[in-house]
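> In the working numbering, the protein residues as written are 3 to 75.
Just so you know, the hints here were simulated from the structure itself, not pulled from any lab data.
There is no bait here: all hints are sound.
Simulated restraints, written as ranges between beta carbons of each label pair: (1) 3 x 60: 24 to 34 Å; (2) 54 x 3: 12 to 22 Å; (3) 48 x 28: 10 to 20 Å; (4) 69 x 23: 11 to 21 Å; (5) 20 x 53: 14 to 24 Å.
Since we're looking at a predicted model, the values are computed, not measured.
Glycine included, C-beta positions come from ideal geometry on N, C-alpha and C.
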Amino acid sequence: MARQGIYDRNGEPLGYLEGDRVYDLEGNPTGSVREGVVYDLHDTRRWLLDGHAVIDLQGNVIGYLGEGVRDDE
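Start from the sequences, fold in the hints, and give me the full structure.
And the structure:
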């Protein structure tokens, strides 16, 4: 399965996306993605995805998704 890093605007890693699941840097699940919306574990909307851009709910770009890396690479 492909994994994509989630980075802030300065390039600092925040976590990663694997399939439709979001994890922190320690590998703990923190949420999921459905139809371009990132939800936390309580099913609250947190971020929006627009291509590789990560956007807060007010429409500000807060980061980006990195290129996908497969586990077998």
